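Asker: As they're listed, the protein sequences go chains E and H.
According to numbering that gives the first Met the number 0, the first sequence is numbered sequentially starting from 0.
According to numbering that gives the first Met the number 0, the second sequence is numbered sequentially starting from 0.
Treat the hints with care, since some could be wrong.
Simulated restraints on C-beta separations [to be verified]: (1) H:Ser-163 with E:Glu-60: 48 to 58 Å; (2) E:Gly-45 with H:Met-152: 17 to 27 Å; (3) H:Ala-231 with E:Glu-60: 49 to 59 Å; (4) H:Leu-236 with E:Lys-176: 52 to 62 Å; (5) H:Pro-97 with E:Asn-191: 42 to 52 Å.
Below, simulated DSS-like cross-link-like pairs (lysine-lysine); rule was C-alpha separation at most 25 Å, straight line [as the list claims (entries may be wrong)]: (6) E:Lys-88 with H:Lys-92; (7) E:Lys-208 with E:Lys-114; (8) H:Lys-185 with E:Lys-88; (9) H:Lys-164 with E:Lys-92.
What the hints contain is simulated information worked out from the structure, not anything from laboratory work.
These numbers were taken from a predicted model, which means no experiment stands behind them.
We put the CB at the ideal spot given by N, CA and C, even for glycine.
Read off the chains here:
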Amino acid sequence: MALPSVKIEISKLSKSYETKKGVVRVLDDVSFSVYENEFLVILGPGQCGKTVLLNTIADIEQPDSGSVSFNGDSSVGFVFQRYALFNWKTVIKNVETPLRYRGASAEECTATARKYLDLVGLKDFESAYPAQLSGGMKQRVAIARAYTSGSDTIIMDEPFGALDAQTRYQMEEEVLKLRKTEKATVIFVTNNIEEAIYLGDRILLFSDKPSHIVNEFVPELPRPRNRTSPEFMALRDEITAQMDLSL
Amino acid sequence: MNKSNRITDMLLPVISVMFVLALWWFASSQNDVLAGPVETLERFIELIEHPKMGIPLYVHVLSSFYRIMVAFIFASVIGVSLGVAFGVLPTFKRIMWPVFSILRPLPPLAWIPLIVLWVGTSGDASKIIIIFIGIVMAVIINTFAGISHTDEMLLDAGRTLGASKWQILTDITLPNSIPVILAGLKTGLSTGWMSLVAAEMMVVDNGIGFLINDSMQYYDTALDFVGIILVALSSSLLTLLLNLLERRLCPWLYLQSK
Numbered sequence: 000m001a002l003p004s005v006k007i008e009i010s011k012l013s014k015s016y017e018t019k020k021g022v023v024r025v026l027d028d029v030s031f032s033v034y035e036n037e038f039l040v041i042l043g044p045g046q047c048g049k050t051v052l053l054n055t056i057a058d059i060e061q062p063d064s065g066s067v068s069f070n071g072d073s074s075v076g077f078v079f080q081r082y083a084l085f086n087w088k089t090v091i092k093n094v095e096t097p098l099r100y101r102g103a104s105a106e107e108c109t110a111t112a113r114k115y116l117d118l119v120g121l122k123d124f125e126s127a128y129p130a131q132l133s134g135g136m137k138q139r140v141a142i143a144r145a146y147t148s149g150s151d152t153i154i155m156d157e158p159f160g161a162l163d164a165q166t167r168y169q170m171e172e173e174v175l176k177l178r179k180t181e182k183a184t185v186i187f188v189t190n191n192i193e194e195a196i197y198l199g200d201r202i203l204l205f206s207d208k209p210s211h212i213v214n215e216f217v218p219e220l221p222r223p224r225n226r227t228s229p230e231f232m233a234l235r236d237e238i239t240a241q242m243d244l245s246l
Numbered sequence: 000m001n002k003s004n005r006i007t008d009m010l011l012p013v014i015s016v017m018f019v020l021a022l023w024w025f026a027s028s029q030n031d032v033l034a035g036p037v038e039t040l041e042r043f044i045e046l047i048e049h050p051k052m053g054i055p056l057y058v059h060v061l062s063s064f065y066r067i068m069v070a071f072i073f074a075s076v077i078g079v080s081l082g083v084a085f086g087v088l089p090t091f092k093r094i095m096w097p098v099f100s101i102l103r104p105l106p107p108l109a110w111i112p113l114i115v116l117w118v119g120t121s122g123d124a125s126k127i128i129i130i131f132i133g134i135v136m137a138v139i140i141n142t143f144a145g146i147s148h149t150d151e152m153l154l155d156a157g158r159t160l161g162a163s164k165w166q167i168l169t170d171i172t173l174p175n176s177i178p179v180i181l182a183g184l185k186t187g188l189s190t191g192w193m194s195l196v197a198a199e200m201m202v203v204d205n206g207i208g209f210l211i212n213d214s215m216q217y218y219d220t221a222l223d224f225v226g227i228i229l230v231a232l233s234s235s236l237l238t239l240l241l242n243l244l245e246r247r248l249c250p251w252l253y254l255q256s257k
């Protein structure tokens, strides 16, 4: 297999915040590469600054030091934990948004939005409003919207954190299904070890604040992965042990 | 909702209004000065048959309506524009906010002498300006609140989706603020009615406030009640129109919960 090419180079990122209790260092000299079309999972405990890392990659926040450089298109499709849907727009208008911002024609907007709504199984809900949808459906809309933007990179920030276990499993399948049809580099953040192993081509384990990379795992498990296979459980044990150590 | 619930829902407002009417009727029967519901209705019919000083009743109502509508339209446009400017232009806010904060709590009526000196008593201008002052403050403050309290996450979403600053304003911040802006328009409208009646009482020629003022001169409490009921009906009508507008503009607020 040829060496994968680098899509994003994250180099020596550091970031601190001033709080009432003093200065809190959130990111501590974080460096890693994201490869073209990989599914990279960033795994870490609760409040470990993963969101800050993602916001920095997405250019929503600026680091104190360090840099993020993209090979090619630097736009990202971002999926937020709390959906971030526009409540005043119907489902299809939400999904069209990035195209409309770019000034695409009405026909192109509708056609592309329909395509992605179909891919996430929501084509019958295009004229519903977000308030009428369940949490899982809202997140499907948000994922469709992120893909509609046409960015090479999709970032998902604990996207299924607010969903119940069963919906979470369905959504994980949904995301893997999209991987088959849509070429994109995916950075997926979670605090759920099982989810990380089930989804990731590669897993970066982060420590608690100040966050740094503890270890990297590459699950050599055939897909679809079996959550109860001995290999899966073994990797899960291994990561759990290291996650606990880093707390 | 089951059937008996629906009937109760329809009956309760009727019962409460009937109760107030009964209380009013009882109070007036104990008192020679206070007109009751029946006298008020008779006075109303009399006013239609024999207009006061030759001005038909509908002219009073329509002049009040005209003044409040003109003031309302100006206050909406100017209030929303200023609220947006406060929300998106930090320097403008730094310069103008202190001025606005001083002016905002002043009662609109305090301006009456000044405005009368400036535009005179005749015509509608003086009243419209006073009503405008009454409405515009609530519109400014609500628009500003709506714009500046937009969820940061929605703005981040807009940025990652490629929105320009202008698109963030017109496609995210403003539509997201419409319910709060409409609430400001409603609050403004009730202050507007207060200012209207007061302005028409002080700068007298016609209008519902003129009728109320007239009732005071002649201890004509029935006429006062006619005026009160006309204000209540007119302001309910305008509020109803605003609610219909809200249904049009914000269908997502009126969804059937699933």
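Asker: Would you mind marking each hint as holding or not holding in the structure?
Answerer: Status of each hint after checking the structure:
Restraint check, Ser-163 of chain H to Glu-60 of chain E: a C-beta distance of roughly 19 Å breaks the suggested window 48 to 58 Å. A beta carbon spacing of about 19 Å between Gly-45 of chain E and Met-152 of chain H agrees with the range 17 to 27 Å that was offered as a hint. About 53 Å separates the C-beta atoms of Ala-231 of chain H and Glu-60 of chain E, a value consistent with the hinted range of 49 to 59 Å. Distance hint for Leu-236 of chain H and Lys-176 of chain E: a CB-CB separation of about 55 Å, consistent with the stated range 52 to 62 Å.
The hinted range of 42 to 52 Å is satisfied by Pro-97 of chain H and Asn-191 of chain E, whose Cβ atoms lie roughly 51 Å apart. Restraint check: the Cα-Cα separation between Lys-88 of chain E and Lys-92 of chain H comes to about 30 Å, which exceeds 25 Å; the hinted pair is violated. At roughly 41 Å between alpha-carbon atoms, Lys-208 of chain E and Lys-114 of chain E are farther apart than 25 Å, so this suggested pair is violated. Between Lys-185 of chain H and Lys-88 of chain E, the direct Cα distance comes to roughly 24 Å. Compliance with the 25 Å bound is thereby established for this hinted pair.
Restraint check: the Cα-Cα separation between Lys-164 of chain H and Lys-92 of chain E comes to about 19 Å, which is no more than 25 Å; the hinted pair holds.
Going down the numbered hints, you'll see the structure goes against 1, 6 and 7, while the others check out.
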